[in-house]
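Asks: Assemble the whole structure, with the sequences as input and the hints as a guide.
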Amino acid sequence: MLKNYSKYIAFWMLAIVVFTACKTYVPIQEKFSLNKINKTIIADSATLAYYLPYKDSLDKIMKIPLAELAEDLSKKMPESTLGNMMADILKLKTAAYTHQTIDVAILNYGGIRTPSLSKGTLMVEHAYLLMPFDNYLVEQILTGQQLSDYCDSLAIKGGWPVAGIAFVIKNKKASDIRVNGIPIDLKKNYSVATNDYLANGGDGMTFLKTIPQIQTGKLYRDAIIEYWKEQTKAGKKIQSNLENRIRYAE
Amino acid sequence: MQNRRTFIKQSVLSGAMLTAIGTPLSLLADNTKSTLTILHTNDVHSHIEPFADDDKKYPGLGGAAQRAAIIHEIRKNKEHVLLLDAGDIFQGTPYFNFFNGDIEIDLMNKMGYDAATIGNHDFDGGIDGLAKQISRANFPFVNCNYDFTSTPVHGKVHKHIIIKKGKLKIGITGCGVELDGLVPDKLYTSTKYLDPISCVQEQVDILKHNEKCHLIICLSHLGYQYQSTKISDIILAQQTNHIDVIIGGHTHTFLDAPVSQKNKDGKTVYINQVGWAGIQIGQLDYLFEKKFSKKLSNTQTVIVDKKTRGK
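Here the protein sequences line up with chains G and B, keeping their order.
Note that this note's numbering has the first sequence beginning at 28, numbered continuously upward.
Note that this note's numbering has the second sequence beginning at 25, numbered continuously upward.
These are computed hints drawn from the structure, not numbers from a lab.
Do not rely on the hints blindly, as some may be mistaken.
To be verified - Distance condition first, Cα-Cα at most 25 Å in a straight line; then the derived BS3-like pairs of lysine-lysine:
| # | chain 1 | residue 1 | chain 2 | residue 2 |
| --- | --- | --- | --- | --- |
| 1 | G | LYS146 | G | LYS82 |
| 2 | G | LYS245 | B | LYS210 |
| 3 | G | LYS263 | B | LYS80 |
| 4 | G | LYS50 | B | LYS180 |
| 5 | B | LYS180 | B | LYS193 |
Replies: Here's what the structure looks like:
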């Protein structure tokens, strides 16, 4: 009798061992939460102590006031106040650096790295937030056909910041393209100011890669800083308006 | 000091009240259960300081010191914590322009990040800059679809890693976005972009079958979703298997809660992304139970708990 029992016990013990070995940790519940980081959280003092010396050295360069911004500017597709200011600076300063007439300025939407600027004092810091990349201003000569195709690409992207050109997005294509108010001439050449990131084929604009570049040797960020200083010197505040440069068809 | 103590007390209390999972202490007695907390950031873009108080969109939000405080706090209250980043650590404030990424990596070291993947802007200091910063990090960089052979990054990046937390074995792989046409080629030099689907599948097969990981995470800098057929986290989730969670980045998407997708076996994959600039930290609290592996098809349920810390 006893022998029989021990057989059963041995069997069940083995079974338990085998079953346990087949067991593994599996996720049975998942809880999600979002920790929003706001001012009510007491900063970690060790972290602050670590970065404050760097902050102090940066502040000496960054907190230099350059100009006054009259109204809040923000970034939006297909056209925005912040985008227009950036495209205007691109056009104006490229013309100044190359001593040539610039017909059109185009920059990539993703190239503007802060979604908004609040009215008030603009400092060096804001130029860095807008344009942290060491991108240079360049000029390229495009045929009317190339420029028209470029506008189609912009239409697919949803509308990028532009100056000197206007069009309507209709069925993901650019229509009624006007350069400085005049309908585009596909056979004419146009001077286009852009940044070297796009000119080198960035953001999917590979066709620009083959078009020769006229270098300015000037950083976009420095152009912004110069423009703001010039406006202040001329007694002007910085402002930018919506002008229906790119719009969707009704 | 008074404020800090009150804050801690409140978060402990609210934590306890909100936690359906239960406290780690009660679990110690139960060796069939284990918990894991995943904390994650993406696209922090060199945001060390909080946004200015007059910022139009994010007034006073973010900040590395505030982030560190929350991470310390959660570590104190949870059994096992994994801290992960989905790339674009660099570029966006003068800290990167002047100090070349040193500050960002030092702070991540101090916060105790467990792993990160590589974003397109992490190439902005050039391939040498990336190699230097990876070497300075105390945590591994994980990516399986960039071929760095013949670049200085070669041998510094892991195709997958395995992290053990108590009895749990967590497998992590990572993938990044197509570089051509996005990153200037002088920055990424001869780095080759390979198909993320097949590369990730290869790694998760190892993590699942060879390593028998209890949870498999993919850190992705592909982007959440596109209107075109461009490969995204949604597509990655659908066309692979074995991934439990995709921690995403690149598109700066603010998801209110993880989005679930069915993988090619019909099992659930969660995708999450928490915007950018370090203004929030995503938190996934897992409860694991020792079970027979055959029965585990779709047992987990997500409880969404939108909590704002420090209120």
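Asks: Next, verify each hint and record whether it holds.
Replies: Each hint tested on the structure:
{"no.": "1", "hint": "G:LYS146 <-> G:LYS82", "verdict": "holds, 24 Å"}
{"no.": "2", "hint": "G:LYS245 <-> B:LYS210", "verdict": "holds, 19 Å"}
{"no.": "3", "hint": "G:LYS263 <-> B:LYS80", "verdict": "holds, 23 Å"}
{"no.": "4", "hint": "G:LYS50 <-> B:LYS180", "verdict": "violated, 36 Å"}
{"no.": "5", "hint": "B:LYS180 <-> B:LYS193", "verdict": "holds, 23 Å"}
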